[in-house]
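Engineer: Here's the letter readout for the chains.
2 protein chains.
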Amino acid sequence: MTDSHSLPHAVGIDFGGTSIKPALVQGKTVITHGATINPQGRTAAQTLDAMEAAIRVLCADLPSLVPVGIGLPGFVDSENGVVHGLSNVTGWTEVPVSQILSERLKVPVILENDANAMAYGEWLYGAAANTRNAVCITLGTGVGGALILEGKLYRGSQLAAGELGHTSIDLNGRMGPYGNKGCLEAYVGNHPISTRALAAYREAGIPAPSTECTPLDLTGAARKGCPVALGIWKSIGNELGAAFANIVWILNPDVIVVGGGVAKAGDLLFPHIEDSLKSRTSSVINSQLRIVPATLGNDAGAIGCAALALAAAKP
Amino acid sequence: MTDSHSLPHAVGIDFGGTSIKPALVQGKTVITHGATINPQGRTAAQTLDAMEAAIRVLCADLPSLVPVGIGLPGFVDSENGVVHGLSNVTGWTEVPVSQILSERLKVPVILENDANAMAYGEWLYGAAANTRNAVCITLGTGVGGALILEGKLYRGSQLAAGELGHTSIDLNGRMGPYGNKGCLEAYVGNHPISTRALAAYREAGIPAPSTECTPLDLTGAARKGCPVALGIWKSIGNELGAAFANIVWILNPDVIVVGGGVAKAGDLLFPHIEDSLKSRTSSVINSQLRIVPATLGNDAGAIGCAALALAAAKP
Numbered sequence: 000m001t002d003s004h005s006l007p008h009a010v011g012i013d014f015g016g017t018s019i020k021p022a023l024v025q026g027k028t029v030i031t032h033g034a035t036i037n038p039q040g041r042t043a044a045q046t047l048d049a050m051e052a053a054i055r056v057l058c059a060d061l062p063s064l065v066p067v068g069i070g071l072p073g074f075v076d077s078e079n080g081v082v083h084g085l086s087n088v089t090g091w092t093e094v095p096v097s098q099i100l101s102e103r104l105k106v107p108v109i110l111e112n113d114a115n116a117m118a119y120g121e122w123l124y125g126a127a128a129n130t131r132n133a134v135c136i137t138l139g140t141g142v143g144g145a146l147i148l149e150g151k152l153y154r155g156s157q158l159a160a161g162e163l164g165h166t167s168i169d170l171n172g173r174m175g176p177y178g179n180k181g182c183l184e185a186y187v188g189n190h191p192i193s194t195r196a197l198a199a200y201r202e203a204g205i206p207a208p209s210t211e212c213t214p215l216d217l218t219g220a221a222r223k224g225c226p227v228a229l230g231i232w233k234s235i236g237n238e239l240g241a242a243f244a245n246i247v248w249i250l251n252p253d254v255i256v257v258g259g260g261v262a263k264a265g266d267l268l269f270p271h272i273e274d275s276l277k278s279r280t281s282s283v284i285n286s287q288l289r290i291v292p293a294t295l296g297n298d299a300g301a302i303g304c305a306a307l308a309l310a311a312a313k314p
Numbered sequence: 000m001t002d003s004h005s006l007p008h009a010v011g012i013d014f015g016g017t018s019i020k021p022a023l024v025q026g027k028t029v030i031t032h033g034a035t036i037n038p039q040g041r042t043a044a045q046t047l048d049a050m051e052a053a054i055r056v057l058c059a060d061l062p063s064l065v066p067v068g069i070g071l072p073g074f075v076d077s078e079n080g081v082v083h084g085l086s087n088v089t090g091w092t093e094v095p096v097s098q099i100l101s102e103r104l105k106v107p108v109i110l111e112n113d114a115n116a117m118a119y120g121e122w123l124y125g126a127a128a129n130t131r132n133a134v135c136i137t138l139g140t141g142v143g144g145a146l147i148l149e150g151k152l153y154r155g156s157q158l159a160a161g162e163l164g165h166t167s168i169d170l171n172g173r174m175g176p177y178g179n180k181g182c183l184e185a186y187v188g189n190h191p192i193s194t195r196a197l198a199a200y201r202e203a204g205i206p207a208p209s210t211e212c213t214p215l216d217l218t219g220a221a222r223k224g225c226p227v228a229l230g231i232w233k234s235i236g237n238e239l240g241a242a243f244a245n246i247v248w249i250l251n252p253d254v255i256v257v258g259g260g261v262a263k264a265g266d267l268l269f270p271h272i273e274d275s276l277k278s279r280t281s282s283v284i285n286s287q288l289r290i291v292p293a294t295l296g297n298d299a300g301a302i303g304c305a306a307l308a309l310a311a312a313k314p
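As given, the protein sequences belong to chains A and R, one line each in that order. Be aware that the first sequence starts at 0, since it is given in numbering that gives the first Met the number 0, and climbs by one per residue. Be aware that the second sequence starts at 0, since it is given in numbering that gives the first Met the number 0, and climbs by one per residue.
Simulated from the structure, these hints should not be mistaken for lab results. One should not assume that every hint holds.
[As the list claims (entries may be wrong)] Below, in silico cross-link-like pairs of lysine-lysine (DSSO-like), each with a Cα-Cα straight-line distance of 30 angstroms or less: (1) A:K180 with R:K263; (2) A:K313 with R:K313; (3) A:K263 with A:K277; (4) R:K151 with A:K277; (5) R:K263 with R:K223; (6) A:K151 with R:K313.
Treat the numbers as computed from the prediction; the structure is a model and nothing was measured.
Hey, can you work out the whole structure from these sequences and the hints?
Structural biologist: What follows is the structure in structure tokens.
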């Protein structure tokens, strides 16, 4: 067992659409959470200034500044450290973030897609530790994913691999954002879950647990035995199992890590995913496969970013 | 341009269910095709004797025996050189082929799944040359596949990756061999193509081009303008495009190589695949993707096996 106090420090920054969370990290441990920064209403230059200041504050008690890793929600060139564009933040078109910050701080600064950073954290220190091939999927408003293959983050030829939420479970099914019929996210994203749950409650003539009918509401209702909520989780498990079966036939991984809010449904959801997946795959590839919830929680991104920064900084 | 005469020799053996084809290979060139061996009606031991003899004959004019690669249709442990079982040949349960033949021949002998061997050949010397990430699919009675990721054959955790024919395009669709509903092979394998074509001809009240209605028959009919045959190819292209879209969202490869008999439909099929794929994916991942027919033909397996044998024999 490595003593985490002997590990090198790095700064990991989880760059969200409304909240940028910098943290000083050592191994799998977040030593200090820095103050959050809201990128909305700031220019990219202003946000970069605030990030630089936050990094300096986090490293104030260290002998020197340490490598920095930043996970961003959008289209990121991790090889050259350039943000092509962000999903929910304007003004971040073709910004050479790594160059700008590394020139100011004189330390390596690496960028990564946020789903990749979280997956790397889970693979190195979390639910996918000690595996060779891991698939990570995050279930929230959007459904994202990332792949660790042969012990390395697999990014694909245009750095766009791992978009598991856009794979289709029905070639003539619900429409996704790219015209992709049967798009998984159109079934198991937070909004479609609410919409279909509300419809199911109406149809059953049972009052919904709330007007929003969020995944959390549905978990609560299902725990009280509500057949409508239980049925929704079963459907979602069936659909996720179908999508996972495709991933498994293609990649034959050791583990599928499921993160995000929907994963909190836990035992209401996971057995249905496993039943569906088993009914759709051969025993050779499903007998040793594990489907597990993510374990690093909200810190996965920062931990993964810090680890990627240290890996990149190695001579 | 490398002069192929300066490249080292290797023996590549394409082990088919009724015909084992050994060849002496140099780079992408088959120097000599050896006599074929029929494994049916022979024990594994007898077949191994025949293979040993064939290898010695192929190398008779060389200064010494050369490394041997064997591609087999079935479940093969390529790391340890053991055949767990073959798809259409009995008596090949847990046979340590590499050990047996390398002890007799005193040269390295490697085994590989046949789809992997073909893909490796196409990646090194054929339709996927000079790419980093290539997906290969073979359309025949069965639908097989293989992945080259980051310049290496990707085999998966139980050496069972790349089973593209078993991925689903419809979670409630046609049943595949493992209970996998919507199994691609149940739509675009040779037998389902014939069955659905015959049904379409009946429904249209048009005589089918033959009682078998093979892919080749359908290609001939479509070239003469038959609307039923043209429609079948369009449907197959749509379905393949849906399956390819999933692969592309997951892996973001440079190229998808399509081999096997169905690929011979050429321009009757490929534009429909591309239309379907484009309608289901984002431009970031489809704009630089190429979908191309395999180019090494029947020699792909032998060429790939020989190249894998040489790669494994390197000190």
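Engineer: Check each numbered hint against the structure and report the violated ones by number, ascending.
Structural biologist: none
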